[in-house]
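There are 2 protein chains.
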Amino acid sequence: MGTMDTMGTNTMTPRTTVLKIGGSVLTEKTDTPTPKPEAINRCAGEIASSVTPAAADNRLILVHGAGSFGHPQAEKRSLRNGFTSSEIIEIHRVVASLNELVIGALIKNGLFAVPVHPLGCVVAEDGRIARIATAPIAMMLDRGIVPVLHGDVVMDSRVGASIVSGDQLVTCLATRFGAARIGFGTAVDGVIVDGSVVPQITPETFEAVQSQIRGSDGTDVTGGMRGKVLELLEIGIASHIFNASKPGMIARFLSGEELGTRICGNADV
Amino acid sequence: MGTMDTMGTNTMTPRTTVLKIGGSVLTEKTDTPTPKPEAINRCAGEIASSVTPAAADNRLILVHGAGSFGHPQAEKRSLRNGFTSSEIIEIHRVVASLNELVIGALIKNGLFAVPVHPLGCVVAEDGRIARIATAPIAMMLDRGIVPVLHGDVVMDSRVGASIVSGDQLVTCLATRFGAARIGFGTAVDGVIVDGSVVPQITPETFEAVQSQIRGSDGTDVTGGMRGKVLELLEIGIASHIFNASKPGMIARFLSGEELGTRICGNADV
Numbered sequence: 012m013g014t015m016d017t018m019g020t021n022t023m024t025p026r027t028t029v030l031k032i033g034g035s036v037l038t039e040k041t042d043t044p045t046p047k048p049e050a051i052n053r054c055a056g057e058i059a060s061s062v063t064p065a066a067a068d069n070r071l072i073l074v075h076g077a078g079s080f081g082h083p084q085a086e087k088r089s090l091r092n093g094f095t096s097s098e099i100i101e102i103h104r105v106v107a108s109l110n111e112l113v114i115g116a117l118i119k120n121g122l123f124a125v126p127v128h129p130l131g132c133v134v135a136e137d138g139r140i141a142r143i144a145t146a147p148i149a150m151m152l153d154r155g156i157v158p159v160l161h162g163d164v165v166m167d168s169r170v171g172a173s174i175v176s177g178d179q180l181v182t183c184l185a186t187r188f189g190a191a192r193i194g195f196g197t198a199v200d201g202v203i204v205d206g207s208v209v210p211q212i213t214p215e216t217f218e219a220v221q222s223q224i225r226g227s228d229g230t231d232v233t234g235g236m237r238g239k240v241l242e243l244l245e246i247g248i249a250s251h252i253f254n255a256s257k258p259g260m261i262a263r264f265l266s267g268e269e270l271g272t273r274i275c276g277n278a279d280v
Numbered sequence: 012m013g014t015m016d017t018m019g020t021n022t023m024t025p026r027t028t029v030l031k032i033g034g035s036v037l038t039e040k041t042d043t044p045t046p047k048p049e050a051i052n053r054c055a056g057e058i059a060s061s062v063t064p065a066a067a068d069n070r071l072i073l074v075h076g077a078g079s080f081g082h083p084q085a086e087k088r089s090l091r092n093g094f095t096s097s098e099i100i101e102i103h104r105v106v107a108s109l110n111e112l113v114i115g116a117l118i119k120n121g122l123f124a125v126p127v128h129p130l131g132c133v134v135a136e137d138g139r140i141a142r143i144a145t146a147p148i149a150m151m152l153d154r155g156i157v158p159v160l161h162g163d164v165v166m167d168s169r170v171g172a173s174i175v176s177g178d179q180l181v182t183c184l185a186t187r188f189g190a191a192r193i194g195f196g197t198a199v200d201g202v203i204v205d206g207s208v209v210p211q212i213t214p215e216t217f218e219a220v221q222s223q224i225r226g227s228d229g230t231d232v233t234g235g236m237r238g239k240v241l242e243l244l245e246i247g248i249a250s251h252i253f254n255a256s257k258p259g260m261i262a263r264f265l266s267g268e269e270l271g272t273r274i275c276g277n278a279d280v
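Top line first, the protein sequences correspond to chains E and X. Note that my numbering has the first sequence beginning at 12, numbered continuously upward. Note that my numbering has the second sequence beginning at 12, numbered continuously upward.
Honestly, the hints are just simulated from the structure, not real lab data. Computed from a predicted model, the values in this text were never measured in an experiment. One should not assume that every hint holds.
Because identical chains cannot be distinguished in the list, a pair is counted as satisfied if it fits within a single copy or across any two copies.
Claimed, not checked - Taking lysine to any residue pairs in the SDA-like style, the calculated list, with each CA pair at most 25 Å apart, reads: (1) LYS119 to THR95; (2) LYS119 to SER97; (3) LYS119 to GLU98; (4) LYS257 to ASP153; (5) LYS119 to ASN254; (6) LYS40 to GLU136; (7) LYS119 to ALA198; (8) LYS119 to GLY93; (9) LYS119 to SER60; (10) LYS119 to SER108; (11) LYS40 to SER61; (12) LYS119 to GLU101; (13) LYS257 to GLU268; (14) LYS47 to THR186; (15) LYS119 to VAL105; (16) LYS119 to ASP42; (17) LYS119 to ARG104; (18) LYS47 to SER108.
Looking at chain E on its own, in the form it has when it is part of the complex (with noise of 0.2 Å):
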């Protein structure tokens, strides 16, 4: 880890909360970039209503999936073969291009959002965040402005350029800023194991149904909903998988409800 890990990093703010849209509610999984226009325009206004403007104990950093922006980009190469300049330059453009629907959005409903783009902020190291400029986003939220982040290709000092999907960036910026809260918003109830959402995972219960946790349906290069897991055990902070599908379900979420699985790492149990 570099220096610029812990720069501008609050770790004593109180109650930042990390909330990841996923992919998959906010664009149709299909093989070129289709988005849901109005998936993105409700999950905004929720979010939107939710979180009140420069409230210094209500932090909002906001991360979205690529979805069909860009894991079929993506899946052209391999993670770990790295990819050319064009693939960088098109991987990039397509996942921006949604960003930028849903930063619409968020202001057209009201909410104080701009775009944090990992590729000008984000160095990986072999396909995980080795460096991350958190001065700015510091800032952002010390003046209760809502930064948003994206899965994104980025400068890579092992492969050349690689993926940081939105689930890792949603478990590393948790860490940095000493997150209450994380919230997985995803098209389904939760982690399902024989049809059923189960309530509570834990690094003790997680052995027994990892081999039942599906991956989600459709292109997804980033590891779906095992890897969600297995992200949020490692860390010890709430977090919650639910669906952003259903209407109401965000803004309960940022409520501070309790819904759909509930992940607890091994500080938090």
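We have chain E; now place chain X onto it with these hints.
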């Protein structure tokens, strides 16, 4: 200066060039954001044809100004008073939309170009760049990708938020990356005194000409010509102010030609 400043900076890199294309070249200096599509495409073509992809000894960092995509918005508030969250969002979105036009034209002309938005990777202190995440930029240069930055609103530890001009980005980046050469493509032939282009300005001759140096025509909150010369005199890197509105001049600059006004700082005379 924070520790983030030096991360990833490779001051041993040979022949890095930092080129700025002024907002007055790319946009109409009007009250509303108005691009000059033909000028944008011509500049992009000259740059693309001059830069060999993936040539490790021919690195280019590109910066562009905001012109009518930023200055009128920024001027609503004085630099010292900072900006409201709404203004931050508005200023960033408008200048980012110009960046998208520039990036699109560069890619269309065959250049590997990616956007690097200062809002997400720069922090200012009282209007001056205090921290900048250089690691992603360094790694882009390593593989022949051209990072494209722009004048932007950024978070500011002293005044909340402030404008970082393209001019300031140029001198900051040129210093951090040990650039061999700086170009300022403007809408005039160079520094004009008594109707003629001054071929060279040094710290010694600056006193004699400074009262004659006019600022830019139209709205410009970021210092104009006199500010440019002052920034360049502070650093010891061969710099040229030339007319990028004249077809062919950017290509001539990038081919190594001396043109316009040469600014020689303290270490460069």
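Looking back at the numbered hints, which does the structure fail to meet, lowest number first? 4, 6, 11 and 14
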